[in-house]
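Model the full assembly from the supplied sequences, consistent with the hints where possible.
Residue numbers (our numbering), protein chains in the order written: chain D, 1 to 56; chain W, 1001 to 1244; chain H, 2001 to 2552.
The hints are simulated quantities; they were obtained by calculation from the structure and are not laboratory data.
A few of these clues could be false.
[As the list claims (entries may be wrong)] Below 30 Å or equal to it, Euclidean Cα-Cα: the simulated DSSO-like pairs (lysine-lysine) are:
{"id": "1", "chain 1": "H", "residue 1": "Lys-2532", "chain 2": "D", "residue 2": "Lys-50"}
{"id": "2", "chain 1": "D", "residue 1": "Lys-50", "chain 2": "H", "residue 2": "Lys-2216"}
{"id": "3", "chain 1": "W", "residue 1": "Lys-1146", "chain 2": "W", "residue 2": "Lys-1105"}
{"id": "4", "chain 1": "H", "residue 1": "Lys-2216", "chain 2": "D", "residue 2": "Lys-38"}
{"id": "5", "chain 1": "W", "residue 1": "Lys-1105", "chain 2": "W", "residue 2": "Lys-1117"}
{"id": "6", "chain 1": "D", "residue 1": "Lys-38", "chain 2": "H", "residue 2": "Lys-2365"}
{"id": "7", "chain 1": "D", "residue 1": "Lys-50", "chain 2": "D", "residue 2": "Lys-38"}
Predicted model only: the values in this text are computed from it and were never measured.
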Amino acid sequence: MGIDHESVVAVSKSWGLFYLIAMAAGVLVYTLWPGNRKRFTRAKTSILDKNDRPGE
Amino acid sequence: MKEFFHRKIERNAIGFVLAIVGVASIGGLVEIAPLFTIHETVEEAPDMRLYTPLELAGRNIYIREGCYACHSQMIRTLRDEVERYGPYSLAVESKYDHPMLWGSKRTGPDLARLGGKYSDAWHVAHLMNPRDVVPESVMPRYGWLKRNALRIDDLGEHLAAQRDVGVPYTDAMIENAVADARGQANPDGPEAGGVAERYGEATNVRAFDGNPGTLTEMDALVAYLQIVGQLTQAAHQETAAKEE
Amino acid sequence: MVTGLTVSERHMALFVLGALALAGLAMAVGGRGDPLAVHGYIVLAFSLGLGFVVLSALFAPEPPESRLSEYYDDPTRVGIILSLAWAVAGMFVGVWVAALLAWPELTFVDSAWASFGRLRPVHTSGVIFGFGGNALIATSFHVLQRTSRARLPDQFSPWFVLIGYNLFCLIAASGYLIGVTQSKEYAEPEWYADIWLVIVWVAYFVLYIRTLQRRKEPHIYVANWYYMAFILVVAVLHIVNNLAVPVTFGHAKSYSLFSGVQDAMTQWWYGHNAVAFFLTSGFLGMMYYYLPKRAGRPIFSYRLSIISFWGITFMYMWAGAHHLHYTALPQWVQTLGMTFSLVLLVPSWASAGNALATLNGAWHKVRDDATLRFMMVAAVFYGLSTFEGSFMAIRAVNSLSHYTDWTVGHVHAGALGWVAMITFGSLYALVPWMWKTERMYSPRLIELHFWLALAGTVVYVFAMWNSGIIQGLMWRTYNDSGTLAYSFIDSLVAMHPYYIARAFGGLLFLTGAVVCCVNVAMTIRMARHARKAEAGGDVPLYGQAGAAQAGE
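What follows is the structure, given as structure tokens:
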């Protein structure tokens, strides 16, 4: 085996952290992006629509 | 740009799927990946032997009856556990266990150091009716084990499958699996000698259920219970070394 | 119901059932002398039986085109019934095994199938996969179509998913009784059942994606995110954890590819994420649709639901190691597992809080409507058990709680208080919509069920908290001379009253589930009578459906 345990652990620990931060940033940008507000509002109210037929 | 990217991910359900798989699996991989090199960190135990065919069959009965649901085989590195059950479990001790039987619940006591602690007769009586030996026990009776003949015709195939997943059984062990199973439970029979030859002099060769004539599931299970924690002495040695 | 399928879909069904029957026959022949043969006969009988059902309606006329302007809900209806049947069966076995721990001689027979070790996985698989899984499949088909405003793309694949999944559950549960198990907790079924589940799961995934692609809404509603994560991640977990080599293709038995510490880590990575993505993610999907729908109010914060989605999806994956504190697992993995288990509390509480905040301003509805109260209590228990979970993941706490009944209590706080409550709440909302009645047959029976379920959960959880903590303390108590104060059997004797209380709590909960079945059965009967009275009997469901959802 070319890769030894120590180096795998090191990569896991360091890049795992970067990945966590990048991921959190991405999600926050997406949810707080002002342009998305409209679609979210539509999504959360449209399920309450009483029409029970598929859309055309 | 960012806006466009998110739109695209969302519009296309496949993109969304990839996002979920990415987010979930990388987390898993980062945690799991080091485990594929973890054998480098597992202690050495040159004295470790393999399960005999009879013990392996017994282990499969232990699995079949769901014993792992109430008995752990993993002594943690806590003082009270070591004092109650014996030296704490080492990773190496379960390196041939496909699958491991560490367990998650102790409705009954831990069994990691059970091997050699009681006599065969005790185990048989206990499995027939636990309350004959321990009046307060809530363990089920396992009377059918003594009635059921052990299936041995396919033990060679079991050993071969074990070798496929990495347990170093030799060709001789696989070829003689059936004979070794019979021999281990019949100390005066002609096949007993081969067991010690292939698995070591310390191997238990006894009529485990008290009846050398027939090979029952009871023979197999008791043979297994008597070897739990006895495949290597590494744990005892480590504890002794620490005490010095 | 078969007449609702198009003629080509009926042909497809016959073809698949034929192939399945052949597979069953091959298992029966190839597995002679092995439990595999028994499963072969079960598969054979199962597919032949269904084959006759399809054959009996093979030459019926094509269903009317008008079906395409309705959602396809037949599989959801059947799924609801199957889910409740599994609930009663699984909980019954649960009460039985609980009683066995209090009175071990209650087995009556000295037969292998009736011993605790074989019955216990029937209980766990029966309630998790049978009850929970069927409820998830049934509700996901409903939510998926409504939130996408699109009909399922075809009528065959939902049946394949639902019936195929139940075949898996049947093979699993019957297997334990005849001694077929991998011993991996919550992944006990053997290799052939695992392969079958992969096939079913791929069909489920494809069906989900195809429907999402047909959606008329620009945005994918968040409930679908949770259902998708459930489908996808469970697939990954299932495949990795079940990698094994069968002894031969004529044997039910297989040997796990992993061993020792690697197997332990894989198993609990699976075990913990089965809790996350089967018992949490999927049911959160249920909550995010049925709770706002029933309350008649939009979810409090949609953004918060997205943040918690990614938080849960991301962080659960790391937390599995907390099942292995103080074991032979490397220390850094344990620490990592503990840290993420603690951080996990944030998205979990965000979800629970989001649900409760949605109800803010509708508390009068919660007071009057037991269905909504089921969902409210579920959210509370979700918050409680995720807090407890994070707490128990702390190494010092875990040293006491691990291996004891505390774990069992924690699991049941989640399983009874959260999973079962949100399911019952959702089903009570869903059943009247599905059978086009104004409401459930008896709101008072829902009320009765609610109090039985709540009392059962509280009794159960408190019994197990007590017994677990006492057990843990007794194991580590020293006397003045510095030796252990109690033998193991002392701790077992001390458990006896709590085991009786636990069985009683379980019995209450089971009684509630039976009450639910009665109520659903009567609702279905009521719907049939109403339709007969209205139309003189013989009008198919399609012609009857109103455009508005009943119950609103």
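Just pull the numbers of the violated hints for me, sorted ascending.
-> The structure breaks none of the hints.
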